[in-house]
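K.L.:
Respectively, the protein sequence lines represent chains A and B. The opening residue of the first sequence carries number 1 in the numbering used here; numbering runs sequentially from there. The opening residue of the second sequence carries number 1 in the numbering used here; numbering runs sequentially from there.
Hint data in this document are derived by calculation from the structure and do not stem from the laboratory. Keep in mind it's a predicted model, so treat the numbers as computed, not measured. A virtual CB, placed ideally from N, CA and C, is assigned to each residue, including glycine. Any given hint could turn out to be false.
Said to hold, decoys possible - Quick look at which bits of chain A chain B covers, simulated, 3 or more residues with Cβ under 8 Å: (1) 9-20; (2) 42-55; (3) 70-77; (4) 85-91.
Claimed, not checked - Have a look at the derived ranges for each label pair, beta carbon to beta carbon: (5) R110(B) with T95(A): 48 to 58 Å; (6) S197(B) with E11(A): 47 to 57 Å; (7) F84(A) with S21(B): 40 to 50 Å.
What the hints assert, rightly or not - Computed list of chain B residues with no C-beta within reach of chain A, every gap over 10 Å: (8) A116; (9) I131; (10) K137; (11) E138; (12) S151; (13) P161; (14) I194; (15) I196; (16) L198; (17) A210.
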Amino acid sequence: MSEKNDPEHQEQHIVGPKVYLLVFLALMVLTATTTGVAFIDLGVFNPIIALAIACVKASLVVLFFMHIHYSSRLLKMTVLAGLFTFLLLITLTMTDYISRAWGMW
Amino acid sequence: MDSQSIAATHGELVGGVDPHSHPAFLRHHFETVAQQREAASFGMWVFLLTEVMFFGGMFCAYLIFRNWYHPAFVAGSNTLSITLGTTNTAVLICSSLTMAMAVYSAEMRRRGQLIAFLLLTIVLGLAFLGIKAVEYKEKFDLHHVPGPNFSIQEFVHPTNPKAIPLAPDMAEKTQIYFSLYFAMTGMHALHMIIGISLLFFLVAKAYQGAYTAGHIMPIENFGLYWHFVDIVWIFLFPLLYLISRYR
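Chain A on its own, in the form it takes in the complex:
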């Protein structure tokens, strides 16, 4: 087996303090933003913006703090597969609740 070319034998990338600090600052700014936006009346867009910001924050944590940006394809696929399964379960559940007369009686 050619150990050198096999991705599972590659040395792991060391993420430095500079990246961590930048991600940390971005997370802090996004936290301040989401809190500020909560006091502005945007109607249906309030939850949408709040969740969008939360998704960006979570992505930053996964990609840089949890090193997925630097990881092998196996780990990237694992994370995506989990996300996909979770969204699938939520979507299937919600189609049921949205398309029936629950709570309408």
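Guided by the hints, dock chain B onto chain A, whose structure is given.
P.N.:
Showing chain B alone in chain A's frame:
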């Protein structure tokens, strides 16, 4: 006899190369340290996916009940302190930074720095739990804990001039909001308590120099767990505190 003691007793050379000339922490079923690390990360991520599904179930319940009893969820959400919630978010993000720096210190093989960052993570984790305890105590004082002592007074005759008074049957549904609030933040806090307990163990082992000789896997995998707990809070914070504010 485990692989380590076999490695110690069988020192024979194969083709002039000692087959056991590898770090003691490399298990025999792995060819390289990198492969062992990859396998450990994969295993940790699969565990974290089960955690995603666990918290996901509660998020799904929140989504459905919020759509059914929207006025009750708005009223319940507005009794939470946005100041304490935002502070706790900041504290948790700081603890994620210190944990990420702990992983970096282990990679750089700096023992003192590793212990310092792990201890900082413990302090920030405890600060989060302390603030959470203050919030919980307020809920007990106001009779906003679901159960026989729950009071709908605040929701039927609100003291906040911006609040819309609820009919008693809808006001009762705020108990569902607070049940989900306690279930979700409670399970999150339990994960923090488990994490902090593990951190004490890691500090003790780090003090003995276990993670600054190339074997950083336990620190790295614990980091993944800690960041996951941070991500859960990143979603809990807007859903429970932010999206239903009176404006």
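K.L.:
All the hints need checking, so say for each whether the structure fits it.
P.N.:
Status of the hints after comparison with the structure:
Against chain B, the region 9-20 of chain A contributes 9 residues with a C-beta closer than 8 Å to a partner C-beta. That satisfies the three-residue criterion, and the hint holds. Only residues whose C-beta sits within less than 8 Å of a C-beta in chain B count toward coverage, and the region 42-55 of chain A has 6 of them, enough to reach three; the restraint holds. A count of 4 residues in the region 70-77 of chain A with a Cβ less than 8 Å from any Cβ of chain B is obtained; the coverage claim is therefore met, three being the minimum. Counting residues of the region 85-91 of chain A whose CB lies closer than 8 Å to any CB of chain B gives 4, which reaches the minimum of 3, so the coverage claim holds.
Between R110(B) and T95(A) the beta carbon distance is about 52 Å. The supplied range of 48 to 58 Å therefore holds. About 32 Å separates the C-beta atoms of S197(B) and E11(A), a value inconsistent with the hinted range of 47 to 57 Å. Evaluation of the 40 to 50 Å hint for F84(A) and S21(B) yields a pass: the beta carbon distance comes to about 43 Å. Its beta-carbon lying about 14 Å from the closest one in chain A, A116(B) satisfies the requirement of being farther than 10 Å from that chain.
With a cut of 10 Å on Cβ distances, I131(B) stays outside the contact zone with chain A, its closest approach being about 15 Å. At roughly 23 Å from the closest C-beta of chain A, the C-beta of K137(B) stays outside 10 Å, upholding its exclusion from the interface. For E138(B), the condition that its CB be more than 10 Å from all CB atoms of chain A holds, with the nearest at approximately 19 Å. The beta carbon of S151(B) is kept farther than 10 Å from every beta carbon of chain A, the shortest such distance being approximately 25 Å.
Residue placement check: P161(B) keeps its beta carbon more than 10 Å from all beta carbons of chain A (closest about 16 Å). Once the 10 Å rule is applied to beta carbons, I194(B) is consistent with being away from chain A; the minimum gap is 18 Å. Non-interface call for I196(B) relative to chain A: holds, since the shortest CB-CB distance, roughly 18 Å, exceeds 10 Å. Against chain A, the non-interface label of L198(B) holds: every CB pair exceeds 10 Å, the least being about 17 Å.
With 10 Å as the threshold on Cβ separation, the claim that A210(B) sits away from chain A holds: the shortest Cβ distance comes to roughly 19 Å.
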